[in-house]
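Peer 1: Each chain, letter by letter, is given below.
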Amino acid sequence: MHIVVVGLNYRTAPVEVRERFTFAEKDLSEALQQLKLTKSVLEGVIVATCNRTELYVVVDRLHMCGYFIRTFMEQWFNVPREEFTQHLYIYEDDQAMRHLFRVICGLDSMVIGETQILGQVKQAFFKAQEERATGTWFNKLFKQAVTLGKRAHSETSIGESAVSVSYAAVELGKRIFGMFTDKKVLILGAGKMSELTVKHLYANGASEVIVANRTLARAEELASKFRGTPCTMEQALTRLGEVDIVISSTGAERYILDAGIVREGMKRRQSRPLFLIDIAVPRDIDPAIGEISNVFLYDIDDLEGIVESNLEMRKVEAAKIERMIELEMEDYYQWLRTLGVRPVIRALQEKGVSIHEETMDSLFNKLPELDEHQRKVIRRLTKSIVNQMTTDPINRIKEMAGTKQGDEALRMFTQIFALEDAVDMAAEKVNQSDATALGKPAVHLNENRQEPVPAYIPAGV
Amino acid sequence: MTLAEQVYEALIYMYALSLLFYFSDCIRRNAGAKRTGTGFLVVVWGLQVTHVILRMWMEGHFPIYTTFDFLFIFSFSIVLMSLIMTRVQRSEFVILLLNIVGFSVTVLNRLWFTAGEISLHNWQTVHGLLIMHITLANLGFAALTVASVFALLYLFLHHKLKNKKWNDTVRRLPSLEVIGKYMDGATLIGTPLLGVSVVLAVLSIVAERRWHLLLDLKVISTGLAIAIYFGYFIVKRRKQFSMMVMSRWTLIGYALVIISFLSNAYSAFHRWTGE
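Chains as they are written, first to last, in the working numbering: chain P, 1 to 461; chain G, 1 to 275.
No lab work stands behind these hints: they were computed from the structure.
There may be inaccurate statements among the hints.
[Said to hold, decoys possible] To give an idea of the interface, some chain P residues facing chain G are shown, with a C-beta separation under 8 Å as derived from the structure: (1) Glu155; (2) Ser157; (3) Glu160; (4) Ser161; (5) Lys174; (6) Phe177; (7) Gly178; (8) Ser271; (9) Pro273; (10) Ser293; (11) Asn294; (12) Phe296; (13) Tyr298; (14) Ile306; (15) Ser309; (16) Met313.
[To be verified] Label pairs and their computed distance ranges (CB to CB): (17) Glu19(P) - Asn167(G): 36 to 42 Å; (18) Arg248(G) - Ala217(P): 44 to 50 Å; (19) Glu9(G) - His373(P): 57 to 63 Å; (20) Asn167(G) - Gly205(P): 25 to 31 Å; (21) Arg151(P) - Thr50(G): 34 to 40 Å; (22) Met179(P) - Leu108(G): 37 to 43 Å; (23) Pro282(P) - Phe23(G): 43 to 49 Å; (24) Phe230(G) - Gly205(P): 33 to 39 Å; (25) Asn167(G) - Ala217(P): 39 to 45 Å; (26) Glu130(P) - Asn167(G): 42 to 48 Å; (27) Arg248(G) - Glu19(P): 56 to 62 Å; (28) Gln86(P) - Arg90(G): 45 to 51 Å; (29) Asn167(G) - Gln86(P): 42 to 48 Å; (30) Arg248(G) - Met179(P): 21 to 27 Å.
Think of the CB as a built atom: it goes at the ideal place given N, C-alpha and C, for glycine as much as any other residue.
Model the full structure from these sequences, guided by the hints.
Peer 2: Here it is in structure tokens:
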């Protein structure tokens with residue numbers, strides 16, 4: 001069996017294409033059902049966000065699976081394949097797994113390191129589980145991916161720093177004030193950029209917003225969005241003593257804030273610092289103000305410099321996550337290698353239990369004079385013999401299953417202990433216990449097609 | 001080498017390892033190194049406790065009377081405070097700086113002083129006062145060390161932000177406001193402790209009528225330091241100066257505390273017999 005991902009994203013398809021290939025929330029169940037019915041598909045998860053539509057599938061053969069998935073897309077979206085084939089990417093096995101891990105960690109996102117995708121993939125997986133579209137392979141893989149996504153964000157700082165100018169201003173403010181809960185913000189010029197910045201500050205708890213604009217009507221309009229106070233430019237300049245953060249973005253030709261005004265304001269501020277953000281071009285705030293004690297002045301270039309530095313840092317963190325991904329892939333392969341051995345071990349253990357039970361019944365029938373205590377002792381000791389006899393073979397086959405000759409060893413083991421008939425039933429039980437461990441009901445793959453539950457790993461994976 | 005000395009040696013190695021891992025995390029983010037550094041710090045703390053217990057067992061009293069003991073308890077307080085700080089976010093650099101101080105004191109203590117037993121028979125009359133004086137001075141010293149570390153960080157972050165030098169260190173430090181609050185808090189705890197410790201010392205001078213000691217270098221420098229710290233609170237209350245000025249003030253006060261400690265060699269004050 002093979003893991004395959006077929007999809008399109010913001011890099012391979014423009015928005016006018018992507019918008020034709022979205023799955024509405026209400027249609028997802030039906031889409032998953034249909035995907036399950038697609039030829040060659042054993043398990044499936046559909047990840048659909050504004051930036052990507054991806055179909056993750058476990059297929060029983062690689063050959064033609066791309067064709068079958070494209071057929072599914074053609075039928076579902078009612079778009080001829082010629083119109084979307086050039087936008088599709090198909091990754092198989094290693095690449096598909098790595099792609100899923102990169103996606104869930106935000107490394108494949110437009111804004112590298114964003115966290116939203118983690119929740120989206122998790123939801124997609126839960127939905128597929130709910131629709132019984134996942135099985136042993138994807139239950140393990142997606143669970144591992146979600147855990148990795150969480151670890152990537154908690155163990156590295158990939159998502160910590162701002163990657164937009166407006167957020168950079170907020171991040172800077174946090175380095176000065178920590179929290180904005182008791183801070184007042186003054187906006188000079190009610191432009192789009194300053195609105196966006198104050199929106200972030202407000203969302204981070206800024207207590208009061210004062211909006212100053214040449215036209216008071218626009219100031220009132222913006223102030224109403226943040227339950228703020230409108231005022232004229234002249235009034236605003238007299239209020240420097242009471243505010244903590246000033247965002248300036250007017251269209252003025254000359255500086256509207258000079259050193260004299262700020263010095264006067266600082267006298268009234270006592271020991272409190274003042275954070276000035278000048279996002280206007282040409283600049284609104286005299287750069288000489290930056291020299292005044294306890295005043296922190298940042299213009300648009302400074303903020304862009306911060307964004308650039310943060311992006312660089314995210315790249316460094318991304319490299320760490322790539323290493324984590326490689327380790328996770330190795331873990332998954334390790335699990336895959338033991339996947340085939342688990343039903344065999346279970347079958348052997350069950351056989352041992354069954355033989356033991358039968359022997360005990362026979363023994364107790366022949367020796368009815370034994371009391372309860374004697375029976376218990378005999379039962380315990382004979383059970384111990386069975387366990388001791390099976391422990392070494394079980395440990396050895398676990399080790400051997402991970403080697404190149406693993407398949408051969410498993411076959412021999414099955415033959416020697418005559419477990420051929422018991423393995424299939426044991427595989428079903430292992431599958432059920434895996435699903436229970438994930439907190440979900442047991443998943444039965446492709447019931448309509450009566451395909452066996454995967455128990456052995458094909459050599460190709 | 002006694003068992004207590006062997007434990008002390010071991011804790012130096014553990015401390016060095018802890019510091020190494022913290023350095024590694026501070027140079028380049030490494031959550032694993034930070035965790036390991038904290039783990040070693042816990043071991044250091046455990047070894048310090050073991051050392052004290054062994055000394056108590058061997059000497060029959062809590063080891064507090066010698067310079068060695070004073071510095072040992074000081075480094076113990078620093079380690080304890082660092083462990084408490086690990087619960088605070090963005091505290092890596094604070095812990096690193098605190099432990100550079102703690103480690104230096106631990107090593108120099110080993111090189112310069114010995115943990116030899118001292119005779120206490122001369123001190124019986126002022127025994128209680130002496131213990132209180134040493135304990136309060138020690139705790140005050142530790143709290144003011146923490147305040148100074150925050151003052152240093154404040155100046156560093158202020159410089160970086162003022163000059164728009166944005167880097168990963170800036171990202172990882174607490175905000176100026178938070179650093180300022182911690183600095184205030186530590187100074188607020190350390191000043192009265194040191195103050196009461198000095199009052200006890202002055203009371204002993206008065207009780208023994210050794211008036212000349214009031215002009216002793218140690219007494220003067222400690223008095224000046226306390227005056228600076230009290231001045232800090234008056235100025236702070238009036239909100240006259242920015243936190244940057246207050247940070248410098250804190251560091252000057254701490255420098256005087258250090259001078260006071262180092263002036264032991266030139267001071268007659270601690271050649272105190274209690275007679």
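Peer 1: Which hint numbers doesn't this structure obey?
Peer 2: Structure breaks no hint.
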